[in-house]
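2 protein chains.
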Amino acid sequence: MTVDTQAVEFDSISLESGAKLTPVSIAYETYGALNASKSNAILILHAFSGDAHAAGISHETGKPGWWDNTIGPGKAFDTDKYFVICSNVLGGCQGTTGPASINPQTGCPYGMSFPVITIGDMVRLQTMLVDHLGIERLLAVAGGSMGGMQALEWAVSYPDRVIAAIPIATTARHSPQQIAFNEVGRQAIMADPDWCEGNYYSGKPPGRGLAIARMIGHITYMSDESMREKFGRRLREKEKFGFDFSVDFEVESYLRYRGSQFVTRFDANSYLYITKAEDYFDLTNPTGSLTAAFQKVTSRFLVISFSSDWLYPSYQSEEIVRVLRRANRNVAYCELPSNYGHDAFLVDVAEQSDVIRGFLASTCKENI
Amino acid sequence: MTVDTQAVEFDSISLESGAKLTPVSIAYETYGALNASKSNAILILHAFSGDAHAAGISHETGKPGWWDNTIGPGKAFDTDKYFVICSNVLGGCQGTTGPASINPQTGCPYGMSFPVITIGDMVRLQTMLVDHLGIERLLAVAGGSMGGMQALEWAVSYPDRVIAAIPIATTARHSPQQIAFNEVGRQAIMADPDWCEGNYYSGKPPGRGLAIARMIGHITYMSDESMREKFGRRLREKEKFGFDFSVDFEVESYLRYRGSQFVTRFDANSYLYITKAEDYFDLTNPTGSLTAAFQKVTSRFLVISFSSDWLYPSYQSEEIVRVLRRANRNVAYCELPSNYGHDAFLVDVAEQSDVIRGFLASTCKENI
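Just so you know, the sequences run in chain order A and B. Sequential numbering of the first sequence, starting at 51, is according to the working numbering. Sequential numbering of the second sequence, starting at 51, is according to the working numbering.
All the pointers check out, no bait thrown in.
If several chains are the same, the list does not tell them apart, and a pair holds so long as it fits within one copy or across any two.
Taking lysine-lysine and the DSSO-like style, the derived pairs with C-alpha atoms no more than 30 Å apart in a straight line are:
| # | residue 1 | residue 2 |
| --- | --- | --- |
| 1 | K415 | K131 |
| 2 | K254 | K113 |
| 3 | K70 | K288 |
| 4 | K346 | K290 |
| 5 | K290 | K70 |
| 6 | K88 | K346 |
| 7 | K125 | K280 |
| 8 | K280 | K113 |
Since the hints were made in silico from the structure, they are not lab data. Keep in mind it's a predicted model, so treat the numbers as computed, not measured.
So here's chain A without its partners, still in its complex pose (with noise of 0.2 Å):
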C-alpha cells in the first residue's frame, strides 16, 4: 500500500502563549475508509521526531511509515476496520506549518521569530484537522512519548470528541530529569555557531549540534540492557582499542551514525520548538491537580508502559492511572516487559498490539 501525505491550510490558529499564526497548514496521511457514520476514526499522534508518514510506504520515498508494525490490515489499528488519520505537529519540519516555514509577512523562514508551541497547540491545529475530514467524534486517539502528550490532552480538553485514548509510554508533565536531557539538547544546537540565532535557512544548518542533541536523545530512548545486547563492548572494524580518538566501541559508530542521519532529516529550530513544547507540558496546570485536570474527562484509557523505560518510567504512567481509577473513570493499565526501554513502543510490539487490539474491540463493542 502506497500513501501520499496530504496537506490542508487553515487561515489562522491562536496560541497558548497569546501569539497567531497567520496561515497554519498541517500535513497528513489517513489509511483505511470512513465509514458512514463517520465513528471509525482513530488519530495517531507521532513522538518527538516523527511525521505524518505512519504507515504504508510512501509515495515519495519508497519507505515504510513509522509506526508500520501497528498500522494497516489485520494489525493493531486495524485499517479494514477503522479509519487511521495521522499528522505532522505544528512547528515540525515535516510539511506542518513550523520555524522553517516561511513568514508571509516577511518572504523569509520564521526561524526564532516562529511563536513558542505547547503541546495543547499541536492538539488544537489536530482538531482542525478533524473539523476538516468531517469528523465529530473520533473513536480513539493514540501515541507513545509525545503522542501520548497529546492523547491525554486531547481527553483533557476536548472530552466530548474522544471516546478512548491511548497515552504509551508518557507522563502527565515532564520530570526535570526529562527537561534536563531536552536542555542539553537545546544547549548544544544553540552553542554550535552555525545555528546564528536561528536563521541558518540560506546557510550551513548547525548540523554538529544537532547531532549531538540526536546523539543523547538515542542513549535515552535505549535501556542499558538493551545497549549490553546490542553492542556490548564490541570493537568497531579492529581486534583491539585504537588508543587513539577514532572510533573504538560499535556503540560509539552507532551514535555518531543516527546522529549525522539526523543531520539529514529534520530541522535544529524544530528541536528546539517541540522540545520545549514537551517541557511545558504540565497536565496540573493551572490548578496544580491532575485530579482536577481529569475532572472533565469522559473518555476510556488504556495506558502502556514499558518495564525498562527510564526516560517515561511506569511510575509516571501508574500516577495519571492512580488519579483516573480514584476519579472513576474507565481505565485500563499494562506495563509490558521489554528490554528496549523508551524505543519499545516503536520496536517491541507484539504485546502491546494485542492490548490495543482488544482495547479497540472493546471500545467498539461498548459504543458504536
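Dock chain B against chain A, hints included.
Relative to the frame of chain A, chain B by itself:
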C-alpha cells in the same frame, strides 16, 4: 587545616599503549602523619573531574577538598590515625602531566599528541609516587567512580602492595551506556570549532563544547528522584513560562551554571583523554574473564554501591562481589540507600563513613 599541593617529577613512564612520557610530574597532597613502620598509608583515588585536593582547606584557593566530609581528624579516613595521600591522575589538568602540559620536545603543549592513557597507566604513576614516599605497602586504596576503577586496578596489578581496597560506585568494565555518555561528551567538545583539533592553548578554549559535555555528566550524576527533590518543575525567577528560549526551569539554570563553572577549571583535552581511559577500562581483558583477573588478588575488599545510582548501577558492584566471593576472597559489600544517584559517594556520606570506618578498623586489627 590548610594544605598545599605538592608535586614530584620522574624521568619517564612507560604506558600501556607502548608510548613513553618523558618526564612526568604528579601533583599530590598528604594529610596526617606516616607512622614509623610506614604501615598506615591510605591512597585516595579521585573520580573523573577530581584533583589532588581531597581534604582540608587549600592554601592557594581557600576551598575545602572534594572529600573533606570523609577525610580528616575523626572522619571516615581518620587523619589522626592514617596517613592519607591523594594525587591528580595522569592525563589530568591539576598539576599532573596531561595534554595541557608542555611537551619538552617541542616547547608547546602536547594537545592531541599526548599519548592515550589507561587506568593502568594512572595507577602505575601512583606506584611511583608511593615509592617516592618510601611506602612499600598501602593499608588501603579507596575511591568512587573512576577512583573505584583505580582501586580495583591496584588490587589486581599490585596485589602485594595493597592490604585493602575500597571501590565505591564503580565497575570492573564500562558498559556501552557508560561509553555512550562519555562519547557524546567527547563529540560535543570535538564539534566545538574552538577545539581546533586540540590546539587551542594559545587561544580560546572550546568552552561551549566542554560545557555541554559537563551538563550531560551532571544529569547522569544525579537521580530522577534527587532532581525532583532539588528542582521539581520550579520556574526560575518568574511565575509563568517565558514562552521563549530563556531559562524557564530551575533545572535548566542549574545545568547551565554547572557547565559554565566547569569550563573555568577543567581542560577540554583532559576530558577527552580521561573519559577514553574510563571507556578502555575492562578488567576482563585480555582473558575475557573477571575470575581470571581476580586470581592473584590478595587484598580484602569493601565494595559500596548506592541504590539510586543509575550511572554505575549496583549490579556492576555485585558482579565484582560475586566473582571475589566465588574465589573465596575476603569481601564485604554494602548497597547503601540514597536518593542522590551517582553523586551519593560525594554527598551522602554518613552511612558510607560508618562502613569505611569499621572496615579500616578491622583491617588494622588483622594486619598491623
